[in-house]
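Enquirer: The task is simple: from the sequences and hints, build the whole structure.
2 protein chains.
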Amino acid sequence: MSTTNDLLLRTARGEQVERPPVWLMRQAGRILPQYRALRNRLSGFKELVETPDLAAEVTIQPVDELGVDAAIIFSDILVIPEAMGLPYEMIEKRGPNFPKVIESAKDVERLSDGEDAAASLHYVYEAVRETKRRLNGRVPLIGFAGAPWTLMAYMVEGSGSKTFSKAKRLLYTDEQLAHQLMQKITNTLIAYLQEKVRSGAQLVQVFDSWAGILSPEQYRRFALPYIGQICEAITEVPVTVFSKGAWFVLDQIGELPCQVVGLDWNTPPALARKWVGEGKVLQGNLDPCQLYALPETIQSATTAMLDAFGRGHIANLGHGVYPDTPLDGVKAFVDTVKAYRYK
Amino acid sequence: MSTTNDLLLRTARGEQVERPPVWLMRQAGRILPQYRALRNRLSGFKELVETPDLAAEVTIQPVDELGVDAAIIFSDILVIPEAMGLPYEMIEKRGPNFPKVIESAKDVERLSDGEDAAASLHYVYEAVRETKRRLNGRVPLIGFAGAPWTLMAYMVEGSGSKTFSKAKRLLYTDEQLAHQLMQKITNTLIAYLQEKVRSGAQLVQVFDSWAGILSPEQYRRFALPYIGQICEAITEVPVTVFSKGAWFVLDQIGELPCQVVGLDWNTPPALARKWVGEGKVLQGNLDPCQLYALPETIQSATTAMLDAFGRGHIANLGHGVYPDTPLDGVKAFVDTVKAYRYK
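In order, the protein sequences belong to chains A and B.
So in our numbering, spot 139 of the first sequence is number 273, and the numbers just go up one at a time.
So in our numbering, spot 218 of the second sequence is number 352, and the numbers just go up one at a time.
Just so you know, not all the hints are guaranteed correct.
Pairs involving identical chains hold if they fit within one copy or between any two copies, as the list cannot separate such chains.
With a straight-line Cα cutoff of 25 angstroms, these simulated SDA-like cross-link-like pairs (lysine to any residue) come out [unchecked claim]: (1) Lys408 to Pro350; (2) Lys296 to Arg228; (3) Lys180 to Lys296; (4) Lys300 to Pro429; (5) Lys180 to Lys234; (6) Lys408 to Glu389; (7) Lys180 to Val331; (8) Lys300 to Lys465; (9) Lys180 to Asp210; (10) Lys296 to Arg160; (11) Lys180 to Pro230; (12) Lys465 to Leu188; (13) Lys465 to Thr297; (14) Lys465 to Pro350; (15) Lys300 to Gln433; (16) Lys408 to Ala442; (17) Lys300 to Pro457; (18) Lys227 to Thr297; (19) Lys465 to Leu166; (20) Lys408 to Arg144; (21) Lys472 to Gln433; (22) Lys296 to Pro167; (23) Lys300 to Pro460; (24) Lys300 to Met224; (25) Lys234 to Pro457; (26) Lys234 to Asp458; (27) Lys300 to Pro167; (28) Lys300 to Ser238; (29) Lys234 to Leu311; (30) Lys296 to Asp462.
Hints in this document: simulated from the structure, not taken from any laboratory.
Expert: Here it is in structure tokens:
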């Protein structure tokens, strides 16, 4: 089955296109009235993640409502720790919480990994297949995962944190154990993403949400090599690496065997291009708060961003869209990109 | 009265020194057993901030215990919003909370500012005077304040936040009101810092803790000009500007009339020097989590940092020291700097 709107895939492959494709991180979520209506009928966030029929429904909502150029499967990065043996709960307005965390070598040893762990996530693969059936080729479907460091941060810290100092402490006090844990997470991520691709994902994005709290040296030592393993293992579809806040290693991210590099809203496009180099497509990076502005202001800010990136660009925000963003603001952003043409 | 150890001041003035001075952000705090003992006897954090005798005591504790080259007055950046008419409470383990926040033009109008507002902070000036008496010239005393943007972020948001999207929304939706608020905060900060200097502060540091959540354009428009006003108004003592996470404007921070630029632990020293230029002293920037490591590891990491900065440097962490940092780790850091000599 061919994809009717394959702008995202052509762009990611480095082909000449007429305009940048556009989608938003967290586009399937609270910004949409359809999502909120469905979500209010459910017992919790995880029910939505674990029910393929519902996950497929909310994945497609932004394609219908916003006309974006890609769907991204509705899921959660923390399904991976759970598959490895660390279950979590999602607490309303507070975020994730892990009753058990990694504290010792024994804890790491006990984790399952690789295909064994990834096999338990059958509901994700089924959601991908179901979404593909329903999309029927309208737009490409993106699969995603958290990066090894970000997942490790949660698995050691047990919840979100301003500093992730417990997780970082492990890097500074037991390097060997940290590497063992990172490798097990990476093994699982590779099996998981490969199965997602076999189920129909046409591009995969790796989110290193907590990249920016590591020092340059630690990021190079503990985070990048494992992201590199993932990029090397996923060969059938393009890979996007989004290391939020890790401006200081963009030059080395530019050397990874990935096709697309995601950027946060702090990073000026010209500087990103200089650091990443010419060989990759850049994705991002409007400040999500820009969408609180009036539609005319959003339009000019979006156009300025597109001009600054030029070709080889996938339009997006520099972070997931915030849940209280007005739908009109989101539409002004999407519509501006869709009306844009490269000179 | 002359200062016996004036290494910090000589360094900040650009003089040739034998080694970098060293102090730690949040050195007066939970890392010290003396602090924890005193704090446990009190009803709350604000009692400590508002009682000059106690504030002076905890300000001097790290000079006694760690042998650092500077004291920094124990206080809180949020005394400024309170002085302007927005009282706050400090909730144990959760952080600050403002029962009233800025929501409208009327709210901004109602705020007092400048000398009127700053006059109510007599307990801070008294704490500075009392600390100076007790220090008796052993080391210089640093005064500090939050930067206008960071204070505005709390005054609009009402508490800490991962995104400060309420505060940023104001920048995108009512630029004029945002500027009015920033100007009133700045007027108050100038009067406050001038009075702190008259009371005996020998260097002042401006903390823009939430600099990193603004886009480059917004930081240039809303944050930098007001920091510039402060730098211009404080002429009697050196000024340090620490805009955490604002790597993207380090070149423009380098053009401010300040003497010292603070750096977070993400920023490689050589890159910071290139962006800031030769004319300023740099302060920072070891990863606070590095102090969880073994003393030998801390020693080599600290030496590597000092080598990387070279002359024109004040040794510090890249963020406030974390409360659970082992005292031995802190001492390894301080002692390494004190034993270092420029070649």
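Enquirer: Confirm or reject each hint.
Expert: Against the structure, the hints come out as follows:
1. In this assembly of identical chains, the alpha carbons of lysine 408 and proline 350 lie at most 25 angstroms apart whether taken from the same copy (18 angstroms) or from different copies (17 angstroms).
2. For the identical chains of this complex, lysine 296 and arginine 228 are neighbours both inside a copy (13 angstroms) and across copies (11 angstroms), given an alpha-carbon limit of 25 angstroms.
3. In this homomeric assembly, lysine 180 and lysine 296 come within 25 angstroms of each other (Cα to Cα) both inside a single copy, at 24 angstroms, and across copies, at 22 angstroms.
4. Taking identical chains as interchangeable, the C-alpha atoms of lysine 300 and proline 429 lie at most 25 angstroms apart only when they sit on different chains, with a minimum of 18 angstroms there against 43 angstroms within one chain.
5. In the homo-oligomer, the alpha carbons of lysine 180 and lysine 234 lie at most 25 angstroms apart inside one protomer (18 angstroms), although the nearest pairing across protomers, at 35 angstroms, exceeds that limit.
6. In this assembly of identical chains, the alpha carbons of lysine 408 and glutamate 389 lie at most 25 angstroms apart whether taken from the same copy (13 angstroms) or from different copies (24 angstroms).
7. In this assembly of identical chains, lysine 180 and valine 331 lie within 25 angstroms of each other by CA distance solely inside one copy; the values are 22 angstroms within and 55 angstroms between copies.
8. For the identical chains of this complex, lysine 300 and lysine 465 are inter-copy neighbours only, at 20 angstroms across copies versus 40 angstroms inside a copy, given an alpha-carbon limit of 25 angstroms.
9. Taking the shortest alpha-carbon separations for lysine 180 and aspartate 210, only the intra-copy value of 9 angstroms comes in at or below 25 angstroms, while the best inter-copy value is 40 angstroms.
10. In this assembly of identical chains, lysine 296 and arginine 160 lie within 25 angstroms of each other by CA distance both inside one copy and across copies; the values are 21 angstroms within and 16 angstroms between.
11. For a Cα distance limit of 25 angstroms, the shortest separation of lysine 180 from proline 230 inside one copy, 11 angstroms, qualifies, whereas the shortest one across copies, 31 angstroms, does not.
12. Taking the shortest Cα distances, lysine 465 and leucine 188 sit within 25 angstroms of each other inside one copy (24 angstroms), while across copies they are farther apart (55 angstroms).
13. Only between protomers do lysine 465 and threonine 297 lie at most 25 angstroms apart by alpha-carbon distance; the minimum there is 22 angstroms, versus 34 angstroms within a single protomer.
14. When the C-alpha separation of lysine 465 and proline 350 is checked against a cutoff of 25 angstroms, the pair qualifies only between copies, where the shortest distance is 24 angstroms, while the shortest distance within a copy is 37 angstroms.
15. In this assembly of identical chains, the alpha carbons of lysine 300 and glutamine 433 lie at most 25 angstroms apart only when taken from different copies (21 angstroms versus 42 angstroms within one copy).
16. When the C-alpha separation of lysine 408 and alanine 442 is checked against a cutoff of 25 angstroms, the pair qualifies both within a copy, at 13 angstroms, and between copies, at 24 angstroms.
17. Taking the closest pair of Cα atoms, lysine 300 and proline 457 come within 25 angstroms of each other only across two copies (12 angstroms); inside a single copy the shortest separation is 29 angstroms, beyond that limit.
18. Within a single copy, lysine 227 and threonine 297 get their C-alpha atoms as close as 19 angstroms, and across copies as close as 14 angstroms, so both meet the 25 angstroms cut-off.
19. In this assembly of identical chains, the alpha carbons of lysine 465 and leucine 166 lie at most 25 angstroms apart only when taken from the same copy (11 angstroms versus 53 angstroms across copies).
20. For the homomeric pair lysine 408 and arginine 144, the shortest alpha-carbon distance inside one copy (23 angstroms) is at most 25 angstroms, but the shortest distance between copies (38 angstroms) is not.
21. Proximity of lysine 472 to glutamine 433 under the C-alpha cut-off of 25 angstroms is restricted to the intra-copy arrangement: shortest distance 11 angstroms within a copy versus 55 angstroms between copies.
22. With identical chains, the CA atoms of lysine 296 and proline 167 are at most 25 angstroms apart between copies only, with a shortest distance of 24 angstroms across copies and 31 angstroms within one.
23. For a Cα distance limit of 25 angstroms, the shortest separation of lysine 300 from proline 460 across copies, 13 angstroms, qualifies, whereas the shortest one inside one copy, 37 angstroms, does not.
24. Within a single copy, lysine 300 and methionine 224 get their C-alpha atoms as close as 20 angstroms, and across copies as close as 24 angstroms, so both meet the 25 angstroms cut-off.
25. For the homomeric pair lysine 234 and proline 457, the shortest alpha-carbon distance between copies (23 angstroms) is at most 25 angstroms, but the shortest distance inside one copy (29 angstroms) is not.
26. In this assembly of identical chains, lysine 234 and aspartate 458 lie within 25 angstroms of each other by CA distance solely across copies; the values are 21 angstroms between and 32 angstroms within a copy.
27. Taking the closest pair of Cα atoms, lysine 300 and proline 167 come within 25 angstroms of each other only across two copies (21 angstroms); inside a single copy the shortest separation is 38 angstroms, beyond that limit.
28. Within a single copy, lysine 300 and serine 238 get their C-alpha atoms as close as 13 angstroms, which meets the 25 angstroms cut-off; across copies the closest is 40 angstroms, which misses it.
29. For a Cα distance limit of 25 angstroms, the shortest separation of lysine 234 from leucine 311 inside one copy, 17 angstroms, qualifies, whereas the shortest one across copies, 47 angstroms, does not.
30. In this homomeric assembly, lysine 296 and aspartate 462 come within 25 angstroms of each other (Cα to Cα) only across copies, at 24 angstroms, whereas the closest approach inside a single copy is 32 angstroms.
Comparing the model with each earlier hint shows no violations; every hint is respected.
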